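S.K.: Each chain is listed here by its residues.
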Amino acid sequence: MLYQFKIGWRYLTSNLIQTGLLVLGVAVGVFVFVFMSALIGGLAVYLIDQTVGDISHVTVSEPPLAPAQLYPESAGALYAIENATGREATLRNTTEVIATLAQLPGLVAVSPQLVGNGFVTRGAVVNPVTVVGVEPDKVSAIADVAANLVAGRADLPTGSALIGQKLATDLGVDAGQGLRLRSDQGVDMTMTIIGVFEFGVAPLDERTVYVNEKTARGLFDLRHGVTRIELRIDDLWAAPSFAAEVAAATGLEATPWTESNGQLISGLDAQARSGDIIKGFALVTIVIGVASALLLSTYRRRSEIGIMRAMGASKGFVVMVFLTQGALIGLVGGLFGAGLAWLALSPFPPPGQIEAGGFPIDVSQGGFGLAVGLTLVGALVASILPARAAAKVDPVSVISQ
Amino acid sequence: MSAPEDIVVIEGMTKNFGSGDATQKVLKGIDLSLAKGSLAALQGRSGSGKSTLLSILGTLMKPTAGQHEMLGQDLGRISERDLTEFRNRHIGFVFQFHHLFPDLTALENVMFPSAMHMGRETRAARRRAADLLVRVGLEDRIGFRATALSGGQKQRVAIARALMNTPELVLADEPTGNLDRESADQVMDLVREINAEDHTTFLISTHDEKIADGCRRQIHLDDGQIVASAPPAK
Ligand SMILES: Nc1ncnc2c1ncn2[C@@H]1O[C@H](COP(=O)(O)OP(=O)(O)OP(=O)(O)O)[C@@H](O)[C@H]1O
Ligand SMILES: [Mg+2]
Chain A
1 MLYQFKIGWR YLTSNLIQTG LLVLGVAVGV FVFVFMSALI GGLAVYLIDQ
51 TVGDISHVTV SEPPLAPAQL YPESAGALYA IENATGREAT LRNTTEVIAT
101 LAQLPGLVAV SPQLVGNGFV TRGAVVNPVT VVGVEPDKVS AIADVAANLV
151 AGRADLPTGS ALIGQKLATD LGVDAGQGLR LRSDQGVDMT MTIIGVFEFG
201 VAPLDERTVY VNEKTARGLF DLRHGVTRIE LRIDDLWAAP SFAAEVAAAT
251 GLEATPWTES NGQLISGLDA QARSGDIIKG FALVTIVIGV ASALLLSTYR
301 RRSEIGIMRA MGASKGFVVM VFLTQGALIG LVGGLFGAGL AWLALSPFPP
351 PGQIEAGGFP IDVSQGGFGL AVGLTLVGAL VASILPARAA AKVDPVSVIS
401 Q
Chain B
1 MSAPEDIVVI EGMTKNFGSG DATQKVLKGI DLSLAKGSLA ALQGRSGSGK
51 STLLSILGTL MKPTAGQHEM LGQDLGRISE RDLTEFRNRH IGFVFQFHHL
101 FPDLTALENV MFPSAMHMGR ETRAARRRAA DLLVRVGLED RIGFRATALS
151 GGQKQRVAIA RALMNTPELV LADEPTGNLD RESADQVMDL VREINAEDHT
201 TFLISTHDEK IADGCRRQIH LDDGQIVASA PPAK
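Chains as they are written, first to last, in full-length UniProt numbering: chain A, 1 to 401; chain B, 1 to 234.
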C-alpha cells in the first residue's frame with residue numbers, strides 16, 4: 001500500500017463524523033446530478049414519445065410544383081402564383097421509390113399514403129377532416145392505430161373508416177355506425193366506422209379519418225400515384241441525415257420530423273441546458289465543499305505537516321496525502337450518491353409507460369458513471385488548493401507551537 | 001578546516017530576521033564543530049538564538065551567511081529536494097512538544113522516517129521500530145495511539161523516532177522542557193545510553209542545569225554568539 005494513501009486514509013478516518021458528513025454532502029450532490037439527468041432525459045423521452053410516437057419520421061413527397069412562367073420572353077420577372085390548389089403534387093413512380101428506399105439502412109416501416117381534405121357530416125354536425133388513405137396492411141405502420149384503439153377493429157376493408165375518439169364524440173357516433181364523408185373533390189361516400197382510436201394528440205383524434213387506399217382514390221379522383229410516403233426509421237435522431245439520404249437517392253423532397261417540430265427540439269434543448277446548469281451547480285457545490293473541508297484540515301494539521309517535512313517528507317508526499325483524501329471522498333461520496341439515486345429512481349416506470357401526471361424518470365439516462373467520474377475529478381481538483389497550501393507549511397514555524 | 005572526526009562544522013554563521021530598519025541580528029558569527037559521538041548541551045538565555053541555531057543545523061532554515069558543512073557536504077550548495085533527503089537520512093529531531101502524529105500508533109510514529117525513505121513501511125523497519133521502542137522502555141505501548149501516551153512516554157517515542165534512520169546527528173530542542181523531574185531524568189539517561197552505545201552525536205538545547213551537566217560538553221550562547229564552550233572539544 002502506498003504510504004501517502006495510508007496517511008490520507010488515517011486522516012479521513014480519524015474523524016468519522018466530519019468525514020461522514022462530507023461524504024454525505026458529496027453524495028447529495030451526486031444524487032441531484034443523477035436525478036436531474038434521469039428527469040431531463042426521461043422528460044425528453046416522454047415528450048418525444050408523445051409527439052413523435054405517432055408521426056412519420058421522414059415524409060417523402062414530390063417537390064412543390066414550380067409556378068408556371070407565363071411570360072418567358074419578358075425583360076422583367078413576372079410570375080403568377082396559384083395559391084391553395086387543394087390537391088397536392090402526386091408521386092407517380094411509387095414502386096421504384098419504395099424499392100430505392102428499401103436499400104437504405106435503418107428503415108423500419110414504409111407507408112405510401114393518399115391524403116386529402118373533406119368533411120364528415122352526421123345530422124346537422126359538419127366537421128372538416130383530413131382523410132388519409134393507407135394500404136390496409138399498413139394501418140398501424142406509422143401511427144400505431146391498433147395499439148391505441150378504443151373500439152372496433154383496426155383493419156380497413158373498402159368502404160370502412162377509422163376515426164378518432166374526439167371526432168366520434170363530436171359527431172355522436174361509435175364503431176359500427178355509418179359516416180358520411182364528402183371530399184374536397186365533391187365526391188360523397190357513406191362508410192362504416194370500423195374502429196375508433198385515441199392517441200391523445202388533438203390533430204389525430206379530432207380531425208383524422210383513415211380509409212382504405214382504394215376508397216381514397218375514389219374520394220379524391222386519383223387513379224395513379226400517392227400524395228406522400230411516410231417512413232419510420234430505427235434512430236429517431238438520425239432523421240435529418242436519413243432524409244438527406246432519401247432526397248439524394250430519389251430526387252424527391254424528404255422532410256424529417258425535426259423540421260416540422262422545431263419548437264419541440266428547441267424546447268428539449270433549452271430543457272437539457274437548464275438541466276446541465278443545475279448539474280453544473282451540483283458539481284460546483286461538491287468542489288467547494290471538498291475544498292473547504294480539506295483546507296480546514298490542512299489548517300488543523302499544520303504542525304503535523306511541518307513535522308513530516310522536518311522528518312524528510314517531500315512536498316510531493318504532502319501533496320499526495322491531500323489528493324488521496326480528495327480522491328477518496330470523491331469516490332466514496334460518488335458511489336454512495338449514485339447508489340442512493342439508483343435505489344430511489346429505479347422503482348419509477350420507464351417514461352414510455354407512465355400514467356398522465358406521473359414523473360417521467362428514465363433511470364437508464366441517470367448518467368451514473370459520468371456522475372461518479374465527474375465527482376472524482378471534481379474532488380481531486382478541489383484538493384489541489386489545500387494540497388498546495390499544505391506543501392508550503394514551513395517546519396520551523398510550527399516546531400515551537 | 002575541520003578535523004576528520006567532526007561530523008558538522010559551521011563557520012561565520014549569521015542569521016538575520018526581517019530587513020531594513022527592522023533587521024534583527026539573531027546569530028552574529030558562530031563558529032562551531034561537533035565531533036562524532038559528542039553529547040553537547042546548548043545553553044543560553046531565552047531569546048539568545050538556541051532554537052534558531054538548531055533549525056539551521058537541522059537544515060530547516062537557511063543562514064543569512066556562513067559555511068555549513070555536514071559529513072563533508074557543503075549544505076549551502078544543495079537543492080531543497082536533496083536537503084529534504086539529507087535530513088531524512090542523517091538528522092534526527094526531538095522537540096520540546098513531542099510532535100508525534102496523533103493518528104498513528106507509537107510503532108507507526110517511530111517508523112515514519114523510514115517510510116519517508118523507503119516509500120512504505122517495510123518489515124525490517126517494523127522490526128527496528130519495535131526494537132527501538134523496547135529500548136526506550138515502551139514495549140507494552142507499541143500499538144498505542146500517540147494520544148494515549150503520557151508526556152514522558154511520548155517524548156521517549158519521539159526519541160525512538162529520531163533514531164529510526166540511524167542518523168549521525170540528533171538535534172533536541174528542550175526535549176525535557178515539558179517533563180517533570182523524574183521523566184526528564186529518564187529521558188536524559190536514555191540519551192546518554194544511546195550516545196554511549198551507538199556513538200550518535202547529540203546537541204541538546206536546555207535551560208535545565210542538571211540536564212546540561214549530564215552532557216559531556218556545554219556550549220553557551222549569548223546574544224547570538226558563543227561565549228563559552230567547555231570543556232573544549234577534544
Ligand atoms: N521567524 C522569526 N522571525 C523573526 N524573529 C525570529 C524568528 N525566529 C526567532 N526570532 C527571534 O530570534 C531570537 C532568538 O529566538 P530563538 O527561538 O532562537 O531563541 P531561544 O534561544 O531558542 O529562546 P528560548 O530559550 O526561549 O527557546 C528571538 O528574539 C526571536 O524573537
Ligand atoms: Mg528555543
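You may find that some hints are simply not true.
Straight-line Cα separation of at most 20 Å, EDC-like style, residue types lysine to aspartate or glutamate; simulated pairs [unchecked claim]:
1. B/36 <-> B/208
2. A/138 <-> A/184
3. A/138 <-> A/234
4. A/392 <-> B/85
5. B/25 <-> B/222
6. A/392 <-> B/82
7. A/6 <-> B/80
8. A/392 <-> B/222
9. B/62 <-> A/394
10. A/6 <-> B/103
11. A/315 <-> B/139
12. A/315 <-> B/197
13. A/138 <-> A/245
14. A/315 <-> B/222
15. B/36 <-> B/21
16. A/138 <-> A/54
Since the hints were made in silico from the structure, they are not lab data.
Everything numeric in this text was worked out from a predicted model, so none of it was measured.
S.K.: Indicate, hint by hint, whether the structure satisfies it.
M.R.: Hint check results:
1. B/36 <-> B/208: Measuring from Cα to Cα gives roughly 24 Å; hence the hint is violated.
2. A/138 <-> A/184: violated (24 Å)
3. A/138 <-> A/234: holds (17 Å)
4. A/392 <-> B/85: holds (17 Å)
5. B/25 <-> B/222: This hinted pair holds, its Cα atoms lying about 12 Å apart.
6. A/392 <-> B/82: Answer holds: residue 392 of chain A to residue 82 of chain B is near 17 Å, not above 20 Å.
7. A/6 <-> B/80: Judged against 20 Å, a Cα distance of about 25 Å means the pair is violated.
8. A/392 <-> B/222: The given pair, whose Cα atoms are some 32 Å apart, is violated under the 20 Å limit.
9. B/62 <-> A/394: The given pair, whose Cα atoms are some 12 Å apart, holds under the 20 Å limit.
10. A/6 <-> B/103: holds (11 Å)
11. A/315 <-> B/139: violated (33 Å)
12. A/315 <-> B/197: Given that 20 Å is the threshold and the Cα spacing comes to 35 Å, the pair is violated.
13. A/138 <-> A/245: violated (23 Å)
14. A/315 <-> B/222: violated (35 Å)
15. B/36 <-> B/21: Violated, at about 41 Å.
16. A/138 <-> A/54: holds (14 Å)
Hints 1, 2, 7, 8, 11, 12, 13, 14 and 15 from the list above are not met by this structure, while the remaining hints are.
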